[in-house]
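If you read the sequences in order, they're chains A and B.
Heads up: the first sequence at position 38 corresponds to 38 in the numbering used here, and the numbers run straight through without jumps.
Heads up: the second sequence at position 52 corresponds to 52 in the numbering used here, and the numbers run straight through without jumps.
Since the hints were derived computationally from the structure, they do not count as laboratory data.
Remember, it's a predicted structure, so these values are computed and weren't measured experimentally.
A virtual CB, placed ideally from N, CA and C, is assigned to each residue, including glycine.
Treat the hints with care, since some could be wrong.
Unchecked claim - Okay, derived cross-link-like pairs now, EDC-like style, lysine to aspartate or glutamate, Cα gap no bigger than 20 Å in a straight line:
1) A:Lys4 / B:Glu28
2) B:Lys89 / B:Glu28
3) B:Lys48 / B:Glu28
4) A:Lys4 / B:Asp34
5) A:Lys91 / A:Asp136
6) B:Lys45 / B:Asp34
7) B:Lys89 / A:Glu7
8) B:Lys89 / B:Asp34
9) B:Lys68 / B:Glu7
10) B:Lys4 / A:Glu7
11) B:Lys68 / B:Asp34
Claimed, not checked - Between beta-carbon pairs, the in silico distance windows are:
12) A:Trp118 / B:His10: 51 to 59 Å
13) B:Arg33 / A:Ala51: 27 to 35 Å
14) B:Ala39 / A:Leu35: 39 to 47 Å
15) B:His10 / A:Asp48: 57 to 65 Å
16) A:Leu35 / B:Arg66: 44 to 52 Å
17) A:Lys4 / B:Thr74: 25 to 33 Å
18) A:Lys4 / B:Ser41: 25 to 33 Å
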Amino acid sequence: MESKSAEDLAIIAAARAAVADRLITPMWYHPIFGLLLAGYVLGVSLGDTTARLITSLLFAAGCLALVSAYRRLTGVWVSGFEAGPASRWAKALGVLVGVLVAAGWAITYWTHLSWPAWCLAAVAFAAGIILGRRFDTALRAQLRSGL
Amino acid sequence: MTGKFDEVVHAPHRLRICAFLDATSSTEFSVLRDLLGVADSVLSKHLKVLQEAGYLTITKPTGRGRVKTWVRLTAEGRRAYVGHAAALKSLVDNPTARHE
């Protein structure tokens, strides 16, 4: 019985490793995601109410298109919020983008300067790439470790 | 956590399917077929068993190009799989333990 159970655990480990093998994110994925985030931060910071609405819709549509392309290429999808411990990177990115958007809006509103918004957008772009790749690495390691 | 053995999940092909689906949010049919190395009909049979148990959902989004079938575990299916995996681990770690 124990040997059968050990075999079953080996089946589980192999299946999880197979998921890790499939999660090869295309090179363009994170840079495009970073651009979407940067555009969102810029649009909300510098635009009027209409521009903010359009930016938000374009951001959502861009994210959906990106996810759709990823799913089509890899045949799998792992939501950043359904990835166990690796989700902390996705949550960190979500919080950071929220802070950047709020800061961009507030700074532009109070100072009428546009350059801070461009700086915050650059941070969003870099964060999309860096934290996105951290998420991928953590997820693959987690799948291979049997968590 | 000792978990609970689940007869639906227990069959090797279905255990492999559940382990793969548990690690993803959704998976395309052909990926599962390649993972198992079986014919479409064999995979369909196993998916039907899991679907009838309420353990997974199957969707065929419409749109441009060839329609692909996507599979995902339900919350109930995830619970059943996690419990089954925990029971297996418990048995291997502690062979004298009793399970439900």
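Quiz item: Looking back at the hints listed earlier, which ones does the structure fail to meet?
Solution: As far as the earlier hints go, 1, 2, 4, 8, 9, 13, 16 are violated by this structure, in ascending order.
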